[in-house]
Amino acid sequence: MLSPDEQRRYSRQIMLFGEEGQEKLKDATIFIAGAGGLGSPIALYLAAAGVGKIIIADNDLVELSNLNRQIVHSTPDIGERKSESARQKMGAINPGIIIEGHHGTIDSENISTLIKDTDGIVDAMDNFETRYILNKAAYEKKIPLFHGGIHGFSGQATTIIPGRTACLRCIFPHAPPKETFPVLGTTAGFIGVLQANEVIKYLIGTGELLENRLLLWDGERAELDTIEVEKNPSCPICGNNGE
Amino acid sequence: MQVILPDKSRHTLPQDPQDIRGILLKFGCNPTSVIVIRNGIVVPEDFTAREDDEIRIISVSHGG
Ligand SMILES: [Zn+2]
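Those protein sequences? They're chains A and B, same order as listed.
56 is the number that our numbering gives to position 37 of the first sequence; each next residue is one higher, with no gaps.
117 is the number that our numbering gives to position 1 of the second sequence; each next residue is one higher, with no gaps.
Certain hints may be false.
[To be verified] In silico DSSO-like cross-links for lysine-lysine, where the CA-CA straight-line distance does not exceed 30 Å:
| no. | chain 1 | residue 1 | chain 2 | residue 2 |
| --- | --- | --- | --- | --- |
| 1 | A | LYS72 | B | LYS124 |
| 2 | A | LYS108 | A | LYS72 |
| 3 | B | LYS142 | A | LYS197 |
| 4 | A | LYS250 | B | LYS142 |
| 5 | A | LYS161 | B | LYS142 |
[As the list claims (entries may be wrong)] A partial selection of chain A residues facing chain B, derived with a Cβ cut-off under 8 Å:
| no. | residue |
| --- | --- |
| 6 | LEU21 |
| 7 | SER22 |
| 8 | PRO23 |
| 9 | GLY56 |
| 10 | THR94 |
| 11 | GLU148 |
| 12 | TYR151 |
| 13 | ILE169 |
| 14 | PHE191 |
| 15 | VAL248 |
| 16 | PRO252 |
[Claimed, not checked] Here are a few chain B residues that face chain A, going by a calculated C-beta distance under 10 Å:
| no. | residue |
| --- | --- |
| 17 | MET117 |
| 18 | LEU121 |
| 19 | SER125 |
| 20 | THR128 |
| 21 | PRO133 |
| 22 | ARG137 |
| 23 | GLY138 |
| 24 | LEU140 |
| 25 | LEU141 |
| 26 | GLY144 |
| 27 | ASN146 |
| 28 | ILE151 |
If you are wondering where the hints come from, they were derived from the structure by calculation, not from laboratory data.
The C-beta atom is built at its ideal place from N, Cα and C for all residues, glycine as well.
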């Protein structure tokens with residue numbers, strides 16, 4: 020049941036998907052892995068949309084060089100834990116939801132605890148080693164994984180529904196080398212908003228998800244492209260001889 | 117076969133079967149930084165592409 024305040028706050032969304040849809044968002048718990056370039060818009064938009072409980076994890080502190088793209092953090096936050104800085108901004112946008120900040124590295128030991136009782140995992144990581152940890156846990160626990168990746172003017176996104184779609188490892192069989200990558204804030208914004216949009220559609224049960232489709236954004240040419248992807252029968256995670 | 121590079125340029129290769137590794141080498145693509153799609157399906161480096169195949173090479177955006 021929505022309170023009168025909630026009915027007012029979410030009135031433009033309720034016009035779209037009714038109070039029933041808004042209640043689905045309110046009842047949901049989402050885990051955001053990373054409070055950086057992608058995590059920033061994801062956190063802000065999911066909080067503003069009224070996702071009832073959001074857990075956001077990051078092991079970093081805010082640095083000056085983050086601020087071209089990590090819009091959840093501000094100049095006075097430099098030196099602050101990203102998870103805490105994000106938690107405060109999300110709380111300011113929407114004090115009516117529960118937000119938990121987790122300061123620490125996501126690893127194969129703590130992932131089960133972090134995603135316990137969550138309805139979705141949002142991949143806002145900056146490396147594939149951790150993405151593979153998220154993917155494996157998502158597959159084992161049958162929790163959807165909303166993937167995004169960015170580089171320069173370009174980015175990609177896909178939605179992984181365990182048992183129904185290709186997993187992250189099917190699509191990206193090997194981890195690209197770790198490096199400090201160039202990136203524009205608008206690329207992070209564009210892909211992060213797409214991921215948040217996927218989460219909202221999934222929770223409400225409306226529209227068509229990026230299932231078995233990899234969306235590619237070329238910001239330099241302002242071109243969007245989606246390519247079909249399929250499960251790989253020999254995938255080490257979801258294939259016939261999985262781990 | 118048709119090869120589409122990350123910059124969207126299209127190249128026609130001779131009909132003979134070729135492995136993906138060789139195609140990546142020919143176009144100077146680092147195998148760990150790209151994924152290769154053959155007729156809509158991600159294929160490994162040791163996959164052999166055939167005459168009618170469309171091979172698309174995509175740069176992976178790994179940041180976040
Ligand atoms: Zn898989």
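Quiz item: Which numbered hints turn out to be false for this structure?
Solution: 1, 5, 6, 7, 8, 10, 11, 12, 16, 17, 18, 19, 20, 21, 22, 23, 24, 25 and 26
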